[in-house]
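Asker: Sequence:
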Amino acid sequence: MTTLTSPAHASSPHASWALIFTIVLAYWALTMALLTPPMMTIALRVAEIAPQNKESTLGLLLGIGAIVAIFANPVAGYFSDRTVTRFGRRKSWMVAGGLIGFFGLWLISIGGVNTMIVGWCLTQLGMNAVAAALMALLPDQIPEGQRGMVSGAIGMCVPAGIISGFALVNAAQGHAQLMFLLAPAILLVTIAMLCMSYTDKVTDPATVAPFSLGQMLRDFAFNPMAFPDFTWAFLSRLFFFFALATFLGYQVFFLMDRLGYSAAEVPGIMVKVNLIASAIQIASSFLSGWLSDIIGRRKIFIWTSAVLYGVGLLIIARATNYDAFLLGACVMSLSFGVYFAVDVALVTEVLPDAKNNAAKDLGVMNVAGTLPQTLAPAIAPLFLFAGGQTTPDYSVLFTAAAVYAVLGAVTIIPIRKVR
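Remember, my numbering sits 672 above the position in the sequence shown when you count from 1.
In short, the hints are calculated from the structure, not lab data. Possibly wrong hints are sitting among the right ones.
[Stated by the list, open to error] Computed beta-carbon distance windows for the label pairs:
(1) L885 / V790: 23 to 31 Å
(2) G1060 / T992: 18 to 26 Å
(3) V983 / L1054: 20 to 28 Å
(4) Q1061 / L947: 46 to 54 Å
All of these numbers come straight from a predicted model, not from anything done at the bench. For every residue, glycine included, the Cβ atom is placed at its ideal position computed from N, Cα and C.
Can you build the whole structure from these sequences, using the hints too?
Answerer: Below, the structure is given as structure tokens:
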């Protein structure tokens, strides 16, 4: 597939600061809209409407939504690569996805368990369409020499988005719809700003074959042996996000069950913890992304940070008070900032077909981040209630998550194309 690029973009060796700023701003809003629900608001809503079986209900809801995300991101990326409208191949997917995600979160805010499941599936569908198109802008619009810096800035958006989302929830307590809808409303505004800041690549319709399901399935067929670096990067992200999903999915219940906080106290506690941890993560993300560009190395940042993330999980596994929880969260935030910033840059450098199928390939890679959202909640009860005990054992659960993180470090080492 060939693309037609605007002359201004083709002649410029660097992406404009306006484009970089709006990409980062949109990613911040996407993080806020997509991560706040599974990290806080959905758990609080489930605890309100299904208190007797909140753990299993949360696992079911997040698991079903994650299944949707597994398919939504690569499929949206595939069709984004094939989009031939005059608006370009990324903008329409970001706008439509943002609107669908907003509607899904509105359903969650007003319904019972079944309506929440439908709403979360729609949210995952829409937000992953936004993510697929947004992340494809890196290989589309950002030269390799700037990707470490840009991915570092994107990595800063994760803690900034999380703490912003927590702050919005804390400010909107007692107003269920506002708790869920403020973040996606902000996302729609940032998408509009991004769309006005650049000229999208336009695909020549003559180069796109008519759609067929069989061809689509063949396009997604992947031989791990043909692209070993991409495969190892996929496995590293898969294991690391298993660790991440395990912690994020159960930290609210950990605070309530292990540390004794009430549902009303949890948002305030998480805001306090994340204010400190996020400052650490923002600094580590920016510095590591910038430094990886300067020295031309990625792998050492990734495997070191993955091991350190496991250390943070072990600290929390043994935490019995707020101070220990805060220490573990800070260690994990430091390591996650490094990992995410450099991993994004590394992945764009090992794509099988960055020129023609960047969004699809990034969507496939994103499965490594979404699959754990399905499997981690399903596997977690095996660790929580190991040995037939009737109360959840978070020490066992988070120790298992630490093992996942170490595996994420080990599997990055065999990559050869990137140092």
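Asker: Would you mind marking each hint as holding or not holding in the structure?
Answerer: Status of the hints after comparison with the structure:
no. : hint                     : result
1   : L885 / V790: 23 to 31 Å  : 25 Å, holds
2   : G1060 / T992: 18 to 26 Å : 23 Å, holds
3   : V983 / L1054: 20 to 28 Å : 23 Å, holds
4   : Q1061 / L947: 46 to 54 Å : 35 Å, violated
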